[in-house]
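Put together the whole structure using the sequences plus the hints.
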Amino acid sequence: MTKSLRQSGAKIITIANQKGGVGKTSSVIQIASGLSRRGERVLAIDGDPQGNLTLFFGHKERKDFGALILELLEGARVKPTEFINKNVRRNLDILPARDKNLRMDITDAEIIRAYEPFDAFLAELGKSYDWIIIDSSPSNSPLERLLIRASDAVIIPLEFQLFSVSGLESILEEVANCTRDSGKDIKVHSLIFTKAENRLNRVQTYRDVFSSFHIPIFEVCKSEYIARSLEKSRTIWECGPASFAARDYTRVIERGFLETT
Amino acid sequence: MNTKKARNRLEEMSELISKTLDTDEARNEPMYEYSASYSEPANRMILGSWKVIEHTVKGTPYAETFARSAFSVNPPEDISYEATYEFNRNMCVKRVLICGLLPIDGRKVAYEYRMNTVLLWDIRGKTLSVQPVTGYQFTSIDGKPVSVRELPPNSEWLHIKASVSESSLVLEDGEDVKTLGRTKA
Numbered sequence: 001m002t003k004s005l006r007q008s009g010a011k012i013i014t015i016a017n018q019k020g021g022v023g024k025t026s027s028v029i030q031i032a033s034g035l036s037r038r039g040e041r042v043l044a045i046d047g048d049p050q051g052n053l054t055l056f057f058g059h060k061e062r063k064d065f066g067a068l069i070l071e072l073l074e075g076a077r078v079k080p081t082e083f084i085n086k087n088v089r090r091n092l093d094i095l096p097a098r099d100k101n102l103r104m105d106i107t108d109a110e111i112i113r114a115y116e117p118f119d120a121f122l123a124e125l126g127k128s129y130d131w132i133i134i135d136s137s138p139s140n141s142p143l144e145r146l147l148i149r150a151s152d153a154v155i156i157p158l159e160f161q162l163f164s165v166s167g168l169e170s171i172l173e174e175v176a177n178c179t180r181d182s183g184k185d186i187k188v189h190s191l192i193f194t195k196a197e198n199r200l201n202r203v204q205t206y207r208d209v210f211s212s213f214h215i216p217i218f219e220v221c222k223s224e225y226i227a228r229s230l231e232k233s234r235t236i237w238e239c240g241p242a243s244f245a246a247r248d249y250t251r252v253i254e255r256g257f258l259e260t261t
Numbered sequence: 262m263n264t265k266k267a268r269n270r271l272e273e274m275s276e277l278i279s280k281t282l283d284t285d286e287a288r289n290e291p292m293y294e295y296s297a298s299y300s301e302p303a304n305r306m307i308l309g310s311w312k313v314i315e316h317t318v319k320g321t322p323y324a325e326t327f328a329r330s331a332f333s334v335n336p337p338e339d340i341s342y343e344a345t346y347e348f349n350r351n352m353c354v355k356r357v358l359i360c361g362l363l364p365i366d367g368r369k370v371a372y373e374y375r376m377n378t379v380l381l382w383d384i385r386g387k388t389l390s391v392q393p394v395t396g397y398q399f400t401s402i403d404g405k406p407v408s409v410r411e412l413p414p415n416s417e418w419l420h421i422k423a424s425v426s427e428s429s430l431v432l433e434d435g436e437d438v439k440t441l442g443r444t445k446a
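Chains as they are written, first to last, in my numbering: chain U, 1 to 261; chain E, 262 to 446.
Worth flagging that the hints you see were computed from the coordinates, not collected in a lab. Treat each hint with caution, since some may be false.
Claimed, not checked - Below, in silico cross-link-like pairs of lysine-lysine (DSS-like), each with a Cα-Cα straight-line distance of 25 Å or less:
hint : chain 1 : residue 1 : chain 2 : residue 2
1    : U       : K86       : U       : K63
2    : E       : K280      : U       : K3
3    : E       : K369      : E       : K405
4    : U       : K100      : U       : K60
5    : U       : K79       : U       : K63
6    : E       : K280      : U       : K184
Stated by the list, open to error - If the Cβ cut is set under 10 Å, some of the chain U residues that face chain E in the computed set are:
hint : residue
7    : S166
8    : N198
9    : R207
10   : D208
11   : C221
Unchecked claim - Heads up, incomplete: computed chain U residues facing chain E, CB under 8 Å, no partners named:
hint : residue
12   : L172
13   : A196
14   : E219
15   : F244
We treat Cβ as the ideally placed atom computed from N, Cα and C, and that holds for glycine.
The following block contains the structure:
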C-alpha cells in the first residue's frame, strides 16, 4: 500500500522538475489552495526567481525569498512575519519571490552556505503549518538543491514527452544527491503527468510504461480551466470546481497528501 | 524520430528511472491514477476475471445443447456448467467445466468434461478477436478418464461481437450468447 504524504509524516514538499513548462507553478497553486480549502494550514514558498507564484497570488510590500536567503547568510535572527504574506486565501500564506535577478545577486557559493540555515528555518516554520509547498525553478543549480534539501518529499510534474521523462532522470539524481548530502531521507513521493490528452496515441504508450511504477502517479488533464485559472489569478477551485482538472487535482490532494486509511 | 524508436527510448529511460525509484518503496503496489477525463477503452476494461452467468445457443441453455450434441441418446442429467475467462494483457485463459450424471446400465454415474484454452485476444470497438493457441479437452465417466485431447493451435482469428462495461461482458457469436459477470478486476 502506497503511503500518502501525511501517512509518511512529510509536510515540506517541493514541486520540482528541471524542465520548464511542465506545470510546476500551476500544480503548486492548485495543490496549496486545494489543501487550504480543506482547512489545512498551508504556506506556499515561491522558490523560483521568475516569481510566477507571487504574481498569481499578489504580494504586499514584504521582504522576499531572496532577502530571506541574504538574512540567513548574515546570521541574522530572521522574523518569518517580515517575509510571509498572510491569508492570500483562507488558511493559505505565501513567501513571495520578487527578485528576478536573484541568481546574479546571490552567488552559488552563498546559496550553498545558506543550505543549513535554510533547513533550520523551514523546520522551525513547519511547526506553524500543516503543509509547506515549495515552487522551484526549471534548472539544476544550488538554488534548487537548497529547496530540495529542506524538503521531506518531492513531487515531480512532467508531461507525456520524451524530453520531460529525460528530465526526470536528472531530478531523481538531484534528489539522491540531496539525500546523501543532507543526511535526510528525502523521498520522491509521486509524479504528476500534467496536460494529459486522451486523444494522443503516445499518451497511452506512456501510461503502459509508467503504470507499473511503484510510486503514485497522477494525471491532470489538459484544461482550458487551468489556463483561465492562471490568467485570472483564480484557482481551479474558484473558476472550474467541477472541471475534470479540478477532479484530477482533488485526487492528488486526497490520495497523495491527505489519505489516512 | 519514428514512434517505435521513441517508444524504445522511453522504455530504456523508464527502466532506469524505475530502478532509481524502487528502493524501499519496492513493496508498494503500483498506483496509477488516470485523469477523470479518461474513459476506459474496452481493451483495458476487459482485463481481469469473468464468469459466465448465462450462456444460451438459439435461446437454449448451453449445457443442454452441449449434452445433446455429445450424447445423441441418454445425455447426462442434472448438468452443471461453469465457464470462466481470465483476460491478461496479451492472452486469455478460458476454462469450461461441465458435470452431470450419465445414465448407464440402469444406474447414474458421474460425467465430467473440462476444456481449458489459451487464446490470444484483441478488442477493437465492439469486436473481440480471439485466436486459440493451445488447450486441451478432458472427459471422465464414473471417475475414469475416457478422453484427453490436445487442442491444436488455430491460425485464424475468430471474431465475436462484444460489449463490455465495468461489471458485465456480453459475447455474441451468432446465436451463441454469453453474459459474463466480473469476478476480479
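request  = May I ask which of the numbered hints given earlier this structure violates, with the numbers listed in increasing order?
outcome  = Violated hints: none; all satisfied.
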